[in-house]
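Novice: Residues in the sequence shown are numbered from 161 upward in steps of one, following my numbering.
Because the hints were derived from the structure by calculation, they are not lab data.
What follows is a list of derived Cβ distance ranges for each label pair: (1) Asp260 with Arg240: 38 to 44 Å; (2) Gly315 with Arg197: 16 to 22 Å; (3) Pro241 with Ala348: 27 to 33 Å; (4) Glu196 with Arg281: 33 to 39 Å; (5) Arg227 with Glu330: 33 to 39 Å; (6) Arg289 with Gly259: 36 to 42 Å; (7) Ala246 with Phe219: 21 to 27 Å; (8) Glu172 with Asp319: 47 to 53 Å; (9) Glu196 with Ser295: 31 to 37 Å; (10) Gly211 with Pro345: 15 to 21 Å; (11) Arg289 with Asp202: 44 to 50 Å; (12) Glu340 with Arg197: 26 to 32 Å.
Each residue gets a CB set at the ideal place from its N, CA and C atoms; glycine is no exception.
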Amino acid sequence: MTSPGPPGPRPEPHRRLFVAAWPEAGARGELERILERLRRFDGDVRWVPSGNLHVTLQFLGEVPDVRGDELVELLARATRPVAPFAWRLSGLGTFPARGDVRVVWTGVAEGARELAALASRLERDLAERAFVRPSDRPFRAHLTLGRPRSPRDHGALRDLLRELRFEGSERFLEEVTLVESLLSPRGAEYRVVARLPLAGSTRG
Numbered sequence: 161m162t163s164p165g166p167p168g169p170r171p172e173p174h175r176r177l178f179v180a181a182w183p184e185a186g187a188r189g190e191l192e193r194i195l196e197r198l199r200r201f202d203g204d205v206r207w208v209p210s211g212n213l214h215v216t217l218q219f220l221g222e223v224p225d226v227r228g229d230e231l232v233e234l235l236a237r238a239t240r241p242v243a244p245f246a247w248r249l250s251g252l253g254t255f256p257a258r259g260d261v262r263v264v265w266t267g268v269a270e271g272a273r274e275l276a277a278l279a280s281r282l283e284r285d286l287a288e289r290a291f292v293r294p295s296d297r298p299f300r301a302h303l304t305l306g307r308p309r310s311p312r313d314h315g316a317l318r319d320l321l322r323e324l325r326f327e328g329s330e331r332f333l334e335e336v337t338l339v340e341s342l343l344s345p346r347g348a349e350y351r352v353v354a355r356l357p358l359a360g361s362t363r364g
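Turn these sequences into a full structure, and let the hints guide you.
Specialist: Shown next, in the form of structure tokens:
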């Protein structure tokens, strides 16, 4: 009978991180009102809590804690030259547009080009330091409102989305956030790791 060998090295602590545009309180209130109407849908959809609503600019996945300071410094350098800009959430839809519904979303009617440019800038700088791999998929600015628990062709859900109208007010994006995603049986819980101002958070 062989004796057990010495224990292997402990895995490095990691955090599950992403960079996001976080709607301010006024926009969040508008989103909560449309979510109140969507929650009346008689279907098995997991609607996102209003406090978790965001537009993902870059998903990093598991990042070693030892690279945390390096990451924040890199993101600050990438976002600092970017001027604040107007953005507005608008419309309702699904991914994919046909077939099994996997995501219910609202889009970005104003500021989509600026968000795409910011997302591209972040991806480029993060890829240079091996935090992410460049993606072949184009960035599509959207905010996830809900996900069906069992994806299927939700004709009734799509009918409801066509009946409802959502037009958010114009807001200014003055910062983006680095966020940690904590997975639990209750769903994802988010914790802000760093706030990253755009051009010093001045509207100019």
